[in-house]
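Engineer: First to last, the protein sequences are chains P and Y.
Under our numbering, the first residue of the first sequence carries the number 3, and numbering increases by one thereafter.
Under our numbering, the first residue of the second sequence carries the number 13, and numbering increases by one thereafter.
Hints are supplied without guarantee of correctness; some may be wrong.
What the hints assert, rightly or not - Selected chain P positions facing chain Y (in silico; Cβ < 8 Å):
no., residue
1, I154
2, L157
3, A168
4, A172
5, A177
6, F181
7, D240
8, A332
Said to hold, decoys possible - In silico contact screen, one side only, chain Y against chain P (beta carbon under 10 Å); selected entries:
no., residue
9, V65
10, V69
11, T185
12, A297
13, F338
14, L353
Unchecked claim - Stretch by stretch, here's where chain P covers chain Y in the computed footprint (C-beta under 8 Å, at least three residues):
no., stretch
15, 186-200
16, 355-361
No lab work stands behind these hints: they were computed from the structure.
All C-beta atoms, glycine included, are put in the ideal place defined by N, C-alpha and C.
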Amino acid sequence: MTTSTTLTPAASSVAIVRRPKRLRSLWLLVSLGALAGLMLASVMIGSREVSWAEIMAALGGSVDGFGPAAVATRIPRTLLAVVAGAALGLSGAVMQGVTRNPLADPGILGVNVGASLAVVCGMAYFGLTSASGMIWVAIAGAGATAVFVYTIGSLGRGGSTPLKLALAGAATSAALASFVTAVVLPRNDIAEGVRSWQIGGVGGVTLESIRVVAPFLLVGLIVSLLSARSLNSLALGDDLAAGLGERVAIARAAAAIGAVVLCGAVTAVAGPIGFVGLVVPHACRLIVGVDHRWLLPFSAVLGAALLTGADVLGRIVARPSEIDVGIITALIGAPFFIYIVRRRKVREL
Amino acid sequence: MTLESVQTAVQTGPDAPPLSTAQVVARGRVRRTARRRWVIGVLAALIVLGYAVSLLVGQTFYSPAEVIGVILGQDVPGASFTVGRLRLPRATLAVLAGLCFGLGGVTFQTMLRNPLASPDIIGISSGASAAAAFAIVSLSISGTAVSALAIGAGLGVALLIYTLSFKGGVLGTRLILIGIGIAAMLDSLTAYVLSRAAMWDLQEATRWLTGNLNGVSWAQTVPVLVALVLLAPVLLGQSRNLSMSQLGDDTASALGVRVERSRLILIIAAVGLIAFATAAAGPIAFVAFLAGPIAARIVGPGVSLLVPAALVGALLVLVGDFLGQFAFGTRLPVGVITGVLGAPYLIYLIIRTNRAGGSL
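Assemble the whole structure, with the sequences as input and the hints as a guide.
Structural biologist: Shown next, in the form of structure tokens:
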């Protein structure tokens with residue numbers, strides 16, 4: 003992930019909270035190191051331990067024996083965890099920037115469930131099976147839900163307050179989840195596939211499906227990272243951003259499209275995974291401050307680390323079986339959500 | 013009723029003898045109570061009708077004489093099994109669970125003065141459901157122990173939400189958001205428990221995630237009946253205190269309500285009802301949430317909503333279950349029907365409150 007082009011520390015007209023550049027770079031190195039360690043752990047840890055030699059053998063393309071074979075199945079899931087985590091963390095950071103709302107997250111806003119419903123309907127009614135078709139459908143569903151929730155959440159006085167947005171998202175998720183169940187239940191043939199996909203899992207993924215989703219994620223990544231500057235302006239408020247020469251509506255729409263493409267594509271391959279997009283940007287803000295040119299790449303790295311870590315944890319806790327990564331992230335993320343709600347002043351909620 | 017509206021009421025009708033304010037207030041009260049009584053009557057009649065239909069109609073139709081025979085304990089070929097073992101416990105549990113959810117939901121909504129503060133939104137149902145699923149699926153226990161565990165979890169969640177949202181006083185909005193967070197966590201726990209089960213049974217899963225009445229037997233129905241008989245009178249006995257607590261804690265205590273004690277009783281009774289019903293039928297989506305606002309709309313302001321909301325809840329579950337069984341090609345669980353019906357209403361409610369610019 004080469005993000006150095008967007009990291010040019012040019013003197014910014016939107017100097018907000020700034021950390022020394024050296025400290026930020028140090029943190030970036032530390033997180034990349036942690037991510038590398040977690041990726042290694044993800045390849046090594048599982049119901050069967052593997053040795054270093056076996057990993058090397060598997061990387062060389064050998065699938066002889068249990069060790070290399072286990073590694074061969076763990077490599078794609080590790081890759082997916084990294085890619086999906088990065089996409090979700092980045093998507094959450096962009097959404098929080100676009101909506102200027104600390105509770106914005108693909109899970110809380112119901113965007114994940116919207117993508118689920120679209121995919122499930124596609125499978126049930128239109129015989130959708132191709133991976134790329136599912137991604138398009140998921141992105142469409144995610145986008146429609148995002149617009150819907152944001153519209154409801156910003157009705158009335160005060161625009162989209164965190165409370166209104168979170169409530170609109172929760173209500174929409176509940177509604178869409180009911181529809182998903184109603185669509186899936188009568189169809190035993192797709193029920194099992196939908197179930198494993200719905201809880202949110204990176205296990206059982208193949209390199210092929212990662213390859214299909216990669217172009218979408220790449221587009222989303224580029225659009226999101228390019229919107230860092232405009233997000234910095236938007237953070238000052240619409241009027242000031244316009245005064246700084248930002249075309250507010252276009253900038254906001256572009257960033258939102260980037261975020262929706264990211265989380266829609268991830269949902270299509272890994273199912274709805276909640277709370278990564280909520281937790282990661284907040285943690286990153288504590289480390290690198292609020293400059294989006296640092297915050298966005300950092301959120302991607304930490305998101306990847308979080309999801310990979312959650313996946314490894316799910317395999318350690320429930321040996322010899324495993325816990326789906328979506329369950330782990332909910333268990334980690336929900337307390338964090340509560341913490342944010344508690345910390346904020348009543349006025350702002 | 014505001015002073016002005018009382019005065020306009022007094023001034024209307026030049027021929028009529030002028031009424032004192034007290035008389036006008038009294039008249040208004042009489043009119044409202046009459047309307048409430050009428051509504052209760054109609055709702056009760058509809059429930060009886062729905063109950064009768066669910067007993068008579070199904071894959072096969074049984075005549076009223078046969079059904080009454082079964083209820084009286086006679087041995088009617090065919091009907092004894094279909095009606096006595098399948099339809100009767102199911103329809104009875106539908107009514108009982110609906111009553112429980114309606115009562116519990118409206119109690120929370122009134123107490124916290126917010127329609128969104130219903131037990132199924134702030135995670136209390138999710139807690140009871142997670143505990144029940146854990147007890148049944150992982151510990152393979154059944155009967156009253158399950159209900160006890162569900163109640164313990166429900167009360168625990170209620171306490172947890174209350175404590176977490178306490179920060180120089182409990183604020184409704186904060187409590188709701190924290191409840192939503194807790195609910196997300198508990199639902200994922202339920203999903204985990206279910207995914208660990210030896211074989212993933214979708215019917216069983218929907219019971220604990222959205223509520224389902226398929227395959228209900230008397231063993232599940234009876235505890236709910238007992239809970240309702242014990243706890244409903246407690247709630248109804250507190251109905252005066254509940255209405256006064258809507259005026260705010262200070263006013264209520266000035267009017268002679270022992271606020272803390274009354275709130276504790278209300279919470280325990282409401283959580284008990286919700287937990288017993290959840291342990292038997294699962295957290296039937298949105299019934300606790302919908303019953304109160306619907307009842308409020310039908311009976312109008314200024315009267316206790318407990319009984320009308322309970323009846324609305326029973327009717328919702330009864331009709332939802334019947335529709336789920338027969339209206340579509342396959343049997344859909346009741347929770348899916350109530351969820352599909354209820355969720356748009358929730359969104360509508362949020363749109364309306366947002367438009368009004370209320371703080372929620």
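Engineer: For every hint, state whether the structure bears it out.
Structural biologist: Each hint tested on the structure:
1. I154: 6 Å, holds
2. L157: Holds, about 4 Å.
3. A168: 6 Å, holds
4. A172: Hint holds; P:A172 Cβ to chain Y Cβ min 5 Å, cut 8 Å.
5. A177: 3 Å, holds
6. F181: 6 Å, holds
7. D240: Since the shortest Cβ distance to chain Y is 19 Å, the answer is violated.
8. A332: 4 Å, holds
9. V65: 23 Å, violated
10. V69: Hint violated; Y:V69 Cβ to chain P Cβ min 21 Å, cut 10 Å.
11. T185: 5 Å, holds
12. A297: 6 Å, holds
13. F338: Constraint on Y:F338 not satisfied, violated at 13 Å.
14. L353: Check passed: Cβ of Y:L353 comes within 9 Å of chain P, closer than 10 Å.
15. 186-200: holds (count 11)
16. 355-361: With 4 residues closer than 8 Å to chain P, the stretch 355-361 of chain Y meets the three-residue bar; holds.
Violated hints for the displayed structure, listed by number in ascending order: 7, 9, 10 and 13.
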